[in-house]
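A.B. asks: What follows is each chain in one-letter form.
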Amino acid sequence: MSKRLNLLVFSGDYDKALASLILANGAREMDMDVTMFFAFWGLLILRHPEKYSQDDKNFFERIFSWFTPKKAEELTLSRMNMGGIGQKMLKKMMKDKNKPMLIDFLNGARKKNVKFYGCKLSQEVMGFTKEELIPEIEIIEVDDYLKDALKSDIQLFI
Amino acid sequence: MSKRLNLLVFSGDYDKALASLILANGAREMDMDVTMFFAFWGLLILRHPEKYSQDDKNFFERIFSWFTPKKAEELTLSRMNMGGIGQKMLKKMMKDKNKPMLIDFLNGARKKNVKFYGCKLSQEVMGFTKEELIPEIEIIEVDDYLKDALKSDIQLFI
Amino acid sequence: MSKRLNLLVFSGDYDKALASLILANGAREMDMDVTMFFAFWGLLILRHPEKYSQDDKNFFERIFSWFTPKKAEELTLSRMNMGGIGQKMLKKMMKDKNKPMLIDFLNGARKKNVKFYGCKLSQEVMGFTKEELIPEIEIIEVDDYLKDALKSDIQLFI
Numbered sequence: 001m002s003k004r005l006n007l008l009v010f011s012g013d014y015d016k017a018l019a020s021l022i023l024a025n026g027a028r029e030m031d032m033d034v035t036m037f038f039a040f041w042g043l044l045i046l047r048h049p050e051k052y053s054q055d056d057k058n059f060f061e062r063i064f065s066w067f068t069p070k071k072a073e074e075l076t077l078s079r080m081n082m083g084g085i086g087q088k089m090l091k092k093m094m095k096d097k098n099k100p101m102l103i104d105f106l107n108g109a110r111k112k113n114v115k116f117y118g119c120k121l122s123q124e125v126m127g128f129t130k131e132e133l134i135p136e137i138e139i140i141e142v143d144d145y146l147k148d149a150l151k152s153d154i155q156l157f158i
Numbered sequence: 001m002s003k004r005l006n007l008l009v010f011s012g013d014y015d016k017a018l019a020s021l022i023l024a025n026g027a028r029e030m031d032m033d034v035t036m037f038f039a040f041w042g043l044l045i046l047r048h049p050e051k052y053s054q055d056d057k058n059f060f061e062r063i064f065s066w067f068t069p070k071k072a073e074e075l076t077l078s079r080m081n082m083g084g085i086g087q088k089m090l091k092k093m094m095k096d097k098n099k100p101m102l103i104d105f106l107n108g109a110r111k112k113n114v115k116f117y118g119c120k121l122s123q124e125v126m127g128f129t130k131e132e133l134i135p136e137i138e139i140i141e142v143d144d145y146l147k148d149a150l151k152s153d154i155q156l157f158i
Numbered sequence: 001m002s003k004r005l006n007l008l009v010f011s012g013d014y015d016k017a018l019a020s021l022i023l024a025n026g027a028r029e030m031d032m033d034v035t036m037f038f039a040f041w042g043l044l045i046l047r048h049p050e051k052y053s054q055d056d057k058n059f060f061e062r063i064f065s066w067f068t069p070k071k072a073e074e075l076t077l078s079r080m081n082m083g084g085i086g087q088k089m090l091k092k093m094m095k096d097k098n099k100p101m102l103i104d105f106l107n108g109a110r111k112k113n114v115k116f117y118g119c120k121l122s123q124e125v126m127g128f129t130k131e132e133l134i135p136e137i138e139i140i141e142v143d144d145y146l147k148d149a150l151k152s153d154i155q156l157f158i
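Residue numbers (the working numbering), protein chains in the order written: chain A, 1 to 158; chain B, 1 to 158; chain C, 1 to 158.
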């Protein structure tokens, strides 16, 4: 039976999202099963690059949607972000070394059949509709996350 | 034998505290045993809402006690806190969707017999007396945490 | 067979570095095997206190090297850093209680044969040469980290 990696991705920082998706891609290449459960800020990583609905949102949900990054590549760093300069610098340094970007690791994980779960409570509170997130995502509750984590060999909170 | 969830709560951020206590409540509802070990900033989540002693504290401990949130509901967000506006906005969005607040999840965990441990080293350095923390807390050392974590099926650092 | 603790140290914050090294020392004292895998900001914890090469670095790598802490004891706090005041205050509070500093826990872990791994991708992107890091470090890839984590009883992402 395959070994399993289970990641709870709470963070919506560019660097931590990168770490989680590098782990996910690496584990799939070793034929491990990989589950990623995105909660809170982590949901921002999975926003659909084009779909964006203002109509269904109340006042606070609109503000929230407005002030948070619309795309994975726009996420900010957990430190040294310096109004975006640090993030641009990190991306430049990655490109100089021919490393893939966050979006490449995300698309890699989608192609490699990483299982994407979203946290129902977070989705409801933030007011994202399912259509505003990438189509692969399945919305589940915390007990489903726990059941999956119990079956896994490695569990990390990122 | 019941499955066990072990959380090392290092963070004192409102959103991360919320995540840890949602996991703890969810796991107890599935009849898992749950241990939470609060270290460093995490101890702030368990400050007693009324008890507060200045007399036993030295100068730095007083300053520390002063400049940190006195109550769980006053904790700040790990990002987008914006001087408290972001935190108030998140709480408003949670109320609009009839979600419990952090304090409700904390009291739920206390009623459901989640085991609360506090880190001795952190407690000593920060200068909190045992009376300044919620009564359920038991102060332990890092090796006791590790022994408990070794017996657990899921271990997370939050 | 000994129990194993596996830490993925992503953070380069003084307080989180402290937490990871307190866990590592505690686990070694219980005769557990301990592996620490330093990625991203975590690599900053292992900078060699004296060695520092500008010549091999490109423009961005020089800036990066310049604007990040040169020594473990210069790392900043994950919160309440307040331009370094919070960090100095925490250190003072630790000294008042006769607690070891971060550098002591780091040297303790080195003496106790904690296994130090560094993330190859992070090292390349940040432009650190192997000589600029402590000599005990071995540079590995993410799949080596995963293999080690799979053999471990506790895995944490810090």
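Rather than coming from a laboratory, the hints here were simulated on the basis of the structure.
Misleading hints may appear alongside valid ones.
Said to hold, decoys possible - Below, a sample of chain B positions facing chain A; criterion: calculated Cβ distance under 7 Å:
no., residue
1, Lys92
2, Gly127
3, Ile154
4, Leu156
Claimed, not checked - So the derived label-pair ranges between C-beta atoms look like this:
no., chain 1, residue 1, chain 2, residue 2, range
5, C, Met82, B, Asn58, 33 to 41 Å
6, C, Lys97, B, Ser2, 33 to 41 Å
7, A, Glu138, C, Gly83, 17 to 25 Å
8, B, Glu131, C, Asp144, 46 to 54 Å
What you are looking at is a predicted structure, and each value in this text was computed from that prediction instead of being measured.
All residues carry an ideal CB built from backbone N, CA and C; glycine is no exception.
A.B. asks: A separate judgement is required for each hint: does it hold in the structure or not?
C.D. replies: Tested hints:
{"no.": "1", "hint": "Lys92", "result": "holds, 6 Å"}
{"no.": "2", "hint": "Gly127", "result": "violated, 27 Å"}
{"no.": "3", "hint": "Ile154", "result": "holds, 5 Å"}
{"no.": "4", "hint": "Leu156", "result": "holds, 4 Å"}
{"no.": "5", "hint": "C:Met82 with B:Asn58: 33 to 41 Å", "result": "violated, 19 Å"}
{"no.": "6", "hint": "C:Lys97 with B:Ser2: 33 to 41 Å", "result": "holds, 37 Å"}
{"no.": "7", "hint": "A:Glu138 with C:Gly83: 17 to 25 Å", "result": "violated, 44 Å"}
{"no.": "8", "hint": "B:Glu131 with C:Asp144: 46 to 54 Å", "result": "holds, 48 Å"}
Consistency with the previously given hints fails for numbers 2, 5 and 7, ordered from lowest to highest.
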